[in-house]
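Peer 1: The residues making up each chain are set out below.
Protein chains: 2
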Amino acid sequence: MKGQPLEWRDGRLRILDQTRLPHRQVWLEMDGYRDVAVAIKEMRIRGAPAIGVAAAYGIALGARDIAAGDREDFLKELDGVCREMAATRPTAVNLFRSVARMKATAVGEKDVLQTRKALRAEAERIHQEEVEASRRLSFLGAELLNDGDTVLTHCNTGALAAPGYGTAGGVVLAAWEQGKKIKVLADETRPYLQGARLTCWELKQAGIPCTLITDSMAGYFLGQGKVNCVLVGADRIAASGDVANKIGTYGLAVLAAENGVPFYVAAPVSTIDLSTPSGDKINIEQRDPREVTHFQGRRVAPAGVEAANPAFDVTPHTYVSAIITERGIAREPYVTRLKALLSPSLRGA
Amino acid sequence: MKGQPLEWRDGRLRILDQTRLPHRQVWLEMDGYRDVAVAIKEMRIRGAPAIGVAAAYGIALGARDIAAGDREDFLKELDGVCREMAATRPTAVNLFRSVARMKATAVGEKDVLQTRKALRAEAERIHQEEVEASRRLSFLGAELLNDGDTVLTHCNTGALAAPGYGTAGGVVLAAWEQGKKIKVLADETRPYLQGARLTCWELKQAGIPCTLITDSMAGYFLGQGKVNCVLVGADRIAASGDVANKIGTYGLAVLAAENGVPFYVAAPVSTIDLSTPSGDKINIEQRDPREVTHFQGRRVAPAGVEAANPAFDVTPHTYVSAIITERGIAREPYVTRLKALLSPSLRGA
Numbered sequence: 235m236k237g238q239p240l241e242w243r244d245g246r247l248r249i250l251d252q253t254r255l256p257h258r259q260v261w262l263e264m265d266g267y268r269d270v271a272v273a274i275k276e277m278r279i280r281g282a283p284a285i286g287v288a289a290a291y292g293i294a295l296g297a298r299d300i301a302a303g304d305r306e307d308f309l310k311e312l313d314g315v316c317r318e319m320a321a322t323r324p325t326a327v328n329l330f331r332s333v334a335r336m337k338a339t340a341v342g343e344k345d346v347l348q349t350r351k352a353l354r355a356e357a358e359r360i361h362q363e364e365v366e367a368s369r370r371l372s373f374l375g376a377e378l379l380n381d382g383d384t385v386l387t388h389c390n391t392g393a394l395a396a397p398g399y400g401t402a403g404g405v406v407l408a409a410w411e412q413g414k415k416i417k418v419l420a421d422e423t424r425p426y427l428q429g430a431r432l433t434c435w436e437l438k439q440a441g442i443p444c445t446l447i448t449d450s451m452a453g454y455f456l457g458q459g460k461v462n463c464v465l466v467g468a469d470r471i472a473a474s475g476d477v478a479n480k481i482g483t484y485g486l487a488v489l490a491a492e493n494g495v496p497f498y499v500a501a502p503v504s505t506i507d508l509s510t511p512s513g514d515k516i517n518i519e520q521r522d523p524r525e526v527t528h529f530q531g532r533r534v535a536p537a538g539v540e541a542a543n544p545a546f547d548v549t550p551h552t553y554v555s556a557i558i559t560e561r562g563i564a565r566e567p568y569v570t571r572l573k574a575l576l577s578p579s580l581r582g583a
Numbered sequence: 235m236k237g238q239p240l241e242w243r244d245g246r247l248r249i250l251d252q253t254r255l256p257h258r259q260v261w262l263e264m265d266g267y268r269d270v271a272v273a274i275k276e277m278r279i280r281g282a283p284a285i286g287v288a289a290a291y292g293i294a295l296g297a298r299d300i301a302a303g304d305r306e307d308f309l310k311e312l313d314g315v316c317r318e319m320a321a322t323r324p325t326a327v328n329l330f331r332s333v334a335r336m337k338a339t340a341v342g343e344k345d346v347l348q349t350r351k352a353l354r355a356e357a358e359r360i361h362q363e364e365v366e367a368s369r370r371l372s373f374l375g376a377e378l379l380n381d382g383d384t385v386l387t388h389c390n391t392g393a394l395a396a397p398g399y400g401t402a403g404g405v406v407l408a409a410w411e412q413g414k415k416i417k418v419l420a421d422e423t424r425p426y427l428q429g430a431r432l433t434c435w436e437l438k439q440a441g442i443p444c445t446l447i448t449d450s451m452a453g454y455f456l457g458q459g460k461v462n463c464v465l466v467g468a469d470r471i472a473a474s475g476d477v478a479n480k481i482g483t484y485g486l487a488v489l490a491a492e493n494g495v496p497f498y499v500a501a502p503v504s505t506i507d508l509s510t511p512s513g514d515k516i517n518i519e520q521r522d523p524r525e526v527t528h529f530q531g532r533r534v535a536p537a538g539v540e541a542a543n544p545a546f547d548v549t550p551h552t553y554v555s556a557i558i559t560e561r562g563i564a565r566e567p568y569v570t571r572l573k574a575l576l577s578p579s580l581r582g583a
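So the protein sequences, as listed, match chains A and B.
Just so you know, we're using the numbering used here here: the first sequence kicks off at 235 and counts up by one.
Just so you know, we're using the numbering used here here: the second sequence kicks off at 235 and counts up by one.
The set of hints was computed from the structure by calculation and includes no laboratory data.
Any given hint could turn out to be false.
No copy labels: a pair is met if it fits in one copy or bridges any two.
[What the hints assert, rightly or not] Straight-line distance between alpha carbons at most 16 Å, and here's what the computed EDC-like set of lysine to aspartate or glutamate pairs gives:
(1) K438 - E540
(2) K337 - E318
(3) K438 - D269
(4) K310 - D251
(5) K438 - E263
(6) K417 - E540
(7) K414 - E358
(8) K337 - E519
(9) K414 - D383
(10) K351 - E241
(11) K417 - D244
(12) K438 - D304
(13) K415 - E318
(14) K460 - D514
(15) K310 - D345
(16) K460 - E343
(17) K236 - E276
(18) K438 - D381
(19) K438 - E366
(20) K460 - D383
(21) K415 - D383
(22) K236 - E263
(23) K460 - D244
(24) K417 - D265
(25) K351 - D299
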């Protein structure tokens, strides 16, 4: 698979530095779990599913490097590693889910050697599951796209964000592979420019026609009837179906509804958090204001000007036409449909 | 008056280069009308009223430099000057109104010397009228703002855009001068960053608290109930009340309506164009895609990626809570109210 955000081979983890894209492809060697924590914090790797996978490998690396031979001491130190990893970013739920799975794995094992091995295996399993989920949801979602459609996207939601195919970007790619001539209008996605830097890069590699616009132009094209659907990813989906996603998503959802254009969310079930009842309970990350006052290190605004930098917003479920997951496409009432998707007993039914 | 976009003194025109703000204040000496045309095209001076004033002075400079002593030859050459000036930018109507006034002035005069003098005087009159209109509409509009309000703005609408007080920015300034503690949330306004570069600079000079956000964050703050009103300028207002303004305005208007927040437009009557029946008839300028793929000269998107760059969008009048002009505040039905504002017979009544 091309364009993956990380590589795990023989117990070594490499992360593609997304801050350097599209101009340079720089692979960062992760020497320990702290490197992974820093890479997540600095958004060298980003996208909810990718963060979840990286965190799992990070904890496996942390376990490898804990010197303690005593199991109790080992678990105590591992707990510290998990806490540090969980503290990297607050909004994407995949991160916390990964950390919880790794912790549960450690508790289930007998000795330190065995635990290290089990943690490596669990990280690989999380990775494999995400890749598989991404592929499945991409092809399920592709059914919603028609030949000739123009899809409006926000942020980056290809394989760089979700190992495998991606989420919203994966749906576009799958439709393209089915022979549908899709065109993409890609929001640049200020302040971090994931759309301009990453989405355009991925689409170009896949040969999918793409037109870059500023976030403020989405309404213009929606209003002109030039968009067949808006398709985004998610960082956390509450039990109600409210969707936390990259800042600007809420505005797109409102504009889509106003213009009668469907608004689709694509995400693996690992992004659904039934323990969060509704969107207003989601912790929204506030990032460094310098990402807004500066542009790639250069000051744009006058010195001393304040800036706000919420990294995500919440789209109420009433604006969401469908949520595309690897277990099926959910529609209203989300509160029962999402629960059903996550219920193991119903899953096989 | 501080922070003016141009200076006319003893027949010489200087323009403050807004592409260099906020870091440097560079005044450009205009040697002839072509310099003015280039400055408008390259957005060294921008904002509908400011463009109108600059174009008038540009034509006065053009008239000064026409060598022809014969009146008919002179008028023919002046016609070329006016055509070039009118071709600089297509959306703001103030430009065409200024050019038309200058042309009418030339036709009314007897000899070349007299015509040159009359054109200078007419340009000064247009400038003075805009300054006065700006002051009046600012204080009229200030009545709509309450002590403690947070105002969301888009693009730049202070004195840099409209000589005197500004339009939307002028309303904020007038309310501030009345002692109302206004706070501003300023959209950065991609791709040209008028908000980050110019609005923040003006507000900082006036001592008005300002928080810079990306355009994509407006929905987040509106949704959280943190905004008391959205206040923007206009580049052209159709007879119906549809408003062409900086790209992104339409999205703000929809989000304001969705959240029950008033959406105000502030503009002198020189921006109202009764000959354009509705917004879909307004010519929207499409600018160089490099303004989107590049950021201050540096490429952001991968090489070869297409981009769109519509500079304006149209907000249907149904989203507009009020239009603030120097002759009063208009509300629905705009189609009759705007006509009344522009009717000389009703004006004095």
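Peer 1: Of the hints stated earlier, which fail here?
Peer 2: 3, 4, 5, 7, 8, 10, 11, 12, 13, 16, 17, 18, 19, 22, 23, 24
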